[in-house]
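Chains as they are written, first to last, in the working numbering: chain A, 238 to 570; chain B, 238 to 570.
Keep in mind the hints are simulated off the structure, nothing from the lab. Do not rely on the hints blindly, as some may be mistaken.
Copies of the same chain are indistinguishable here, so a pair counts whether it falls within one copy or spans any two.
Under the rule of at most 25 Å between Cα atoms (straight-line distance), these lysine to any residue pairs were calculated in the SDA-like manner [unchecked claim]:
(1) 425 to 513
(2) 332 to 319
(3) 390 to 260
(4) 425 to 508
(5) 422 to 511
(6) 408 to 534
(7) 457 to 489
(8) 390 to 330
(9) 422 to 508
(10) 425 to 467
(11) 457 to 487
(12) 457 to 490
(13) 322 to 563
(14) 425 to 506
(15) 422 to 546
(16) 422 to 494
(17) 567 to 299
2 protein chains.
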Amino acid sequence: MEATAKAHTNIALIKYWGKRDEELFLPMNNSLSITLDQFYTITSVQFCECLTADKFYLNETLATDDETKKISELLDLIRKLSGVKMFAVVDSLNKVPTAAGFASSASGFAALAAAATKAIGMDIDEQTLSTIARRGSGSACRSIYGGYVEWQKGELLDGTDSYAEQVLHEKEWDLTILSVLLEPKEKKILSREGMRRSVETSPFYQGWLETVDEDLEVAKQAINERNFEMLGEVLERNAMKMHATTLGANPPFMYWQSATFDVMEKVQELRESGFRAYFTIDAGPNVKVLCQPKDEEYVRGALMALTPVQDVYTCHPGPGISYLPHTKRKTCC
Amino acid sequence: MEATAKAHTNIALIKYWGKRDEELFLPMNNSLSITLDQFYTITSVQFCECLTADKFYLNETLATDDETKKISELLDLIRKLSGVKMFAVVDSLNKVPTAAGFASSASGFAALAAAATKAIGMDIDEQTLSTIARRGSGSACRSIYGGYVEWQKGELLDGTDSYAEQVLHEKEWDLTILSVLLEPKEKKILSREGMRRSVETSPFYQGWLETVDEDLEVAKQAINERNFEMLGEVLERNAMKMHATTLGANPPFMYWQSATFDVMEKVQELRESGFRAYFTIDAGPNVKVLCQPKDEEYVRGALMALTPVQDVYTCHPGPGISYLPHTKRKTCC
Numbered sequence: 238m239e240a241t242a243k244a245h246t247n248i249a250l251i252k253y254w255g256k257r258d259e260e261l262f263l264p265m266n267n268s269l270s271i272t273l274d275q276f277y278t279i280t281s282v283q284f285c286e287c288l289t290a291d292k293f294y295l296n297e298t299l300a301t302d303d304e305t306k307k308i309s310e311l312l313d314l315i316r317k318l319s320g321v322k323m324f325a326v327v328d329s330l331n332k333v334p335t336a337a338g339f340a341s342s343a344s345g346f347a348a349l350a351a352a353a354t355k356a357i358g359m360d361i362d363e364q365t366l367s368t369i370a371r372r373g374s375g376s377a378c379r380s381i382y383g384g385y386v387e388w389q390k391g392e393l394l395d396g397t398d399s400y401a402e403q404v405l406h407e408k409e410w411d412l413t414i415l416s417v418l419l420e421p422k423e424k425k426i427l428s429r430e431g432m433r434r435s436v437e438t439s440p441f442y443q444g445w446l447e448t449v450d451e452d453l454e455v456a457k458q459a460i461n462e463r464n465f466e467m468l469g470e471v472l473e474r475n476a477m478k479m480h481a482t483t484l485g486a487n488p489p490f491m492y493w494q495s496a497t498f499d500v501m502e503k504v505q506e507l508r509e510s511g512f513r514a515y516f517t518i519d520a521g522p523n524v525k526v527l528c529q530p531k532d533e534e535y536v537r538g539a540l541m542a543l544t545p546v547q548d549v550y551t552c553h554p555g556p557g558i559s560y561l562p563h564t565k566r567k568t569c570c
Numbered sequence: 238m239e240a241t242a243k244a245h246t247n248i249a250l251i252k253y254w255g256k257r258d259e260e261l262f263l264p265m266n267n268s269l270s271i272t273l274d275q276f277y278t279i280t281s282v283q284f285c286e287c288l289t290a291d292k293f294y295l296n297e298t299l300a301t302d303d304e305t306k307k308i309s310e311l312l313d314l315i316r317k318l319s320g321v322k323m324f325a326v327v328d329s330l331n332k333v334p335t336a337a338g339f340a341s342s343a344s345g346f347a348a349l350a351a352a353a354t355k356a357i358g359m360d361i362d363e364q365t366l367s368t369i370a371r372r373g374s375g376s377a378c379r380s381i382y383g384g385y386v387e388w389q390k391g392e393l394l395d396g397t398d399s400y401a402e403q404v405l406h407e408k409e410w411d412l413t414i415l416s417v418l419l420e421p422k423e424k425k426i427l428s429r430e431g432m433r434r435s436v437e438t439s440p441f442y443q444g445w446l447e448t449v450d451e452d453l454e455v456a457k458q459a460i461n462e463r464n465f466e467m468l469g470e471v472l473e474r475n476a477m478k479m480h481a482t483t484l485g486a487n488p489p490f491m492y493w494q495s496a497t498f499d500v501m502e503k504v505q506e507l508r509e510s511g512f513r514a515y516f517t518i519d520a521g522p523n524v525k526v527l528c529q530p531k532d533e534e535y536v537r538g539a540l541m542a543l544t545p546v547q548d549v550y551t552c553h554p555g556p557g558i559s560y561l562p563h564t565k566r567k568t569c570c
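Chain A on its own, in the form it takes in the complex (with noise of 0.2 Å):
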């Protein structure tokens, strides 16, 4: 009754933003994102009967209690599909730098899912164990998946044709993600506040919702071609698209601080320069920067060298979901 499994986290190029159904996590458009080969969480789960609650440790120290809640909210999930009625100790280790902005819960989601199913022995296919995941949050059912991933937003009231799919495998294109990591502040708003506010009271999000389709067929079309400039072109323009969505909300809002417009306009540079670098910022202030390969170095150096960066990390499409030999370090009884 006991697994361990790995998942990376992921940058989508194609925004997820608004929900149709904030419980299942059922998203208002397709995304596209590339799986992270440098930053994922490892978890392990044993079910065991001599446990009277769930017990999750969160990098080597027991969670607090809103954080074990949202934890047994996903295993009360599978312990529903699966039959077994045990609790389970989850040990999980975070190799994510949130303070670059990067959401641990989508690799956290992603190797709960996949570690969890298995030790209740649930035998599911991968777009199931896709579903599973986005329950915990939803960017994390891309992460099942390594390389380029879309998720469908799919129709079903119910959610279940809401999952994740492989559109190229990481070894088939090589680009570089730059993580760039501004002097932290306080985030003001949560995603899900801004998402929520700017569903709610946007003007812009009608536009969003408009042309959002049309990005993602050019960010595939783009990845079919390995062409580098349509998806840097495509996938710059929908980040701008999301936050201006932002700033039509009442009241307005705004992710950005000054030192991620340095960034923007460094990118701009770049390229006039000649060389082909693009953006894309989430819900937070920190960007991400997409170069290839053979501009990494001379890219990762002209951002370092801004003030307010305070370090840039690299990483290149990476793998999906992989089970790990069990290495039980917290015991249940």
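Starting from the structure of chain A, add chain B where the hints point.
Below, chain B alone, put in the same frame as chain A:
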């Protein structure tokens, strides 16, 4: 056949953004502005049979052919309306800090329309004068009036119902408008070009149009009630929406620089510490901050303390068109 007029520039609180007719300067939406007491143009016009072409002096210097051509186009309209066929010598003094993002076209064409129609002997009301000024530059139609001014977009194809009206006299409500001058950088996208690209390619332009009338009604109610917080919130929201349309254009563009962001963040900080201050931004990187006169000194000091800020100009609501005794500095024959 000679006259001199003075017109002040204005700052839009509800933006003019998008033309329905490029040639007649007919806007897609109503807009609302404050005429500013410190920034103005004084223009003398003399029609004379001795001239074989229009001559235009700008700040004591004979203007370029391109500059003169724009002036002549408005004079052509006035010659057509009046039936008088003489050329003119035009002598303009601009006291507008163009580096701070103020176009001198609003005060310039308002003063030209006023001086030229008077010099040529036309007896017209201010409403007609407003439509004539509009043909030189859209926002010039608002500079005919003092204080708080609304530009009615009108419905007619010939633009005769597209003119400005005073909402509140400048003496009825005092506010402070601080114009923040940042380090000058080259303006990459002209406002005319940015407007056109947003109307034609931005999926957010429809959302702009659908909500601007409501913003305008809120702003007028706030002015009538002298409710500064209400006015500030809606003017800031409206500016954010205008700029959001540019993020959705294809290709996307931004008028902001990182210094723009520093000023916006400072204004938010000021609000968090209890000062009512709100920003607006036109088609460029510079920021205008509105506050109440009692807070003017403190807010100006806080803005001046920012590193990229070079200067902060203080304005209050100013008067509309006035006619001055004619001072002949440039002779025709």
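Do the hints match the structure? See the list:
1. In the homo-oligomer, the alpha carbons of residue 425 and residue 513 lie at most 25 Å apart only across protomers (20 Å), although the nearest pairing inside one protomer, at 32 Å, exceeds that limit.
2. In the homo-oligomer, the alpha carbons of residue 332 and residue 319 never lie at most 25 Å apart, since the shortest distance is 30 Å inside one protomer and 78 Å across protomers.
3. Taking the shortest alpha-carbon separations for residue 390 and residue 260, only the intra-copy value of 15 Å comes in at or below 25 Å, while the best inter-copy value is 45 Å.
4. Within a single copy, residue 425 and residue 508 get their C-alpha atoms only as close as 31 Å, which misses the 25 Å cut-off; across copies the closest is 15 Å, which meets it.
5. Taking CA atoms no more than 25 Å apart as the test, residue 422 paired with residue 511 passes between copies only; the shortest distance there is 21 Å, against 33 Å inside one copy.
6. With identical chains, the CA atoms of residue 408 and residue 534 are at most 25 Å apart within one copy only, with a shortest distance of 21 Å there and 61 Å across copies.
7. Within a single copy, residue 457 and residue 489 get their C-alpha atoms only as close as 32 Å, which misses the 25 Å cut-off; across copies the closest is 20 Å, which meets it.
8. In this homomeric assembly, residue 390 and residue 330 never come within 25 Å of each other (Cα to Cα): the closest approach is 29 Å inside a single copy and 61 Å across copies.
9. With identical chains, the CA atoms of residue 422 and residue 508 are at most 25 Å apart between copies only, with a shortest distance of 18 Å across copies and 28 Å within one.
10. Taking the closest pair of Cα atoms, residue 425 and residue 467 come within 25 Å of each other only across two copies (23 Å); inside a single copy the shortest separation is 33 Å, beyond that limit.
11. Only between protomers do residue 457 and residue 487 lie at most 25 Å apart by alpha-carbon distance; the minimum there is 19 Å, versus 33 Å within a single protomer.
12. When the C-alpha separation of residue 457 and residue 490 is checked against a cutoff of 25 Å, the pair qualifies only between copies, where the shortest distance is 24 Å, while the shortest distance within a copy is 31 Å.
13. For the identical chains of this complex, residue 322 and residue 563 are intra-copy neighbours only, at 21 Å inside a copy versus 95 Å across copies, given an alpha-carbon limit of 25 Å.
14. Taking CA atoms no more than 25 Å apart as the test, residue 425 paired with residue 506 passes between copies only; the shortest distance there is 13 Å, against 29 Å inside one copy.
15. Taking identical chains as interchangeable, the C-alpha atoms of residue 422 and residue 546 lie at most 25 Å apart whether they share a chain (13 Å) or sit on different chains (22 Å).
16. For a Cα distance limit of 25 Å, the shortest separation of residue 422 from residue 494 qualifies both inside one copy, at 9 Å, and across copies, at 20 Å.
17. With identical chains, the CA atoms of residue 567 and residue 299 are at most 25 Å apart within one copy only, with a shortest distance of 10 Å there and 85 Å across copies.
Hint compliance for this structure: hints 2, 8 are broken, all remaining hints hold.
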